[in-house]
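Student: Sequence:
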Amino acid sequence: MPQIELSEKADSDLEAIHEHYAGLMGHQRADEVVSTILESIEQLATFTGMGRPSQAPDVRELVLTRYPFLVSYVVRSQVVFIVRVLHERNERLNTSKIPDQFS
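Residue numbers for the sequence shown follow the numbering used here, beginning at 10 and rising by one.
The hints are simulated quantities; they were obtained by calculation from the structure and are not laboratory data.
Fair warning: there could be bad hints in the mix.
What follows is a set of in silico ranges between Cβ atoms, one per label pair, in the way DEER data are often shown [unchecked claim]:
| # | residue 1 | residue 2 | range |
| --- | --- | --- | --- |
| 1 | Glu28 | Thr57 | 12 to 20 Å |
| 2 | Val88 | Gly35 | 30 to 38 Å |
| 3 | Glu24 | Glu51 | 14 to 22 Å |
| 4 | Asp20 | Arg98 | 17 to 25 Å |
| 5 | Pro66 | Gly35 | 35 to 43 Å |
| 6 | Ser86 | Glu51 | 27 to 35 Å |
| 7 | Ser86 | His29 | 30 to 38 Å |
| 8 | Gln87 | Leu33 | 36 to 44 Å |
| 9 | Asn99 | Ala31 | 17 to 25 Å |
| 10 | Arg75 | Asp20 | 19 to 27 Å |
| 11 | Glu17 | Ala54 | 28 to 36 Å |
| 12 | Ser86 | Glu28 | 32 to 40 Å |
Glycine included, C-beta positions come from ideal geometry on N, C-alpha and C.
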């Protein structure tokens with residue numbers, strides 16, 4: 010089964026999501042939001058193709074149903090590399106920011 014690897018940007022995105030929800034609803038609720046996102050990401054280890062193809066070559070997007078976020082990821086051999094976790098209204102993924110080993 011592939012392992013999940015988060016990019017620094019994806020990790021930073023999750024921290025920003027936590028900060029945003031903590032300001033709106035408190036830290037406990039923010040923890041729940043991030044946990045739900047991470048649970049969805051973990052499913053990619055088993056179901057790597059569950060995301061839709063994106064406009065960027067070889068990049069897939071997991072659309073989260075409970076919260077308005079897209080998880081952009083690349084599958085390479087035994088690694089599911091999480092590139093970004095973006096709000097669905099944000100700009101699409103900038104493919105020039107994907108590390109070479111995953112593009």
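Student: Now look at each hint and say whether the structure bears it out.
Tutor: Hint check:
1. Glu28 with Thr57: 12 to 20 Å: violated (29 Å)
2. Val88 with Gly35: 30 to 38 Å: Hint holds: Cβ distance 35 Å, inside 30 to 38 Å.
3. Glu24 with Glu51: 14 to 22 Å: holds (18 Å)
4. Asp20 with Arg98: 17 to 25 Å: holds (21 Å)
5. Pro66 with Gly35: 35 to 43 Å: holds (41 Å)
6. Ser86 with Glu51: 27 to 35 Å: violated (18 Å)
7. Ser86 with His29: 30 to 38 Å: Since Ser86 and His29 have Cβ atoms about 34 Å apart, the given range 30 to 38 Å holds.
8. Gln87 with Leu33: 36 to 44 Å: For Leu33 against Gln87, whose Cβ atoms are near 38 Å apart, the range 36 to 44 Å holds.
9. Asn99 with Ala31: 17 to 25 Å: Roughly 19 Å apart at Cβ, these two residues keep to the hinted range, so it holds.
10. Arg75 with Asp20: 19 to 27 Å: holds (20 Å)
11. Glu17 with Ala54: 28 to 36 Å: violated (20 Å)
12. Ser86 with Glu28: 32 to 40 Å: holds (34 Å)
When held up to the earlier numbered hints, the structure conflicts with 1, 6 and 11 and fits the remainder.
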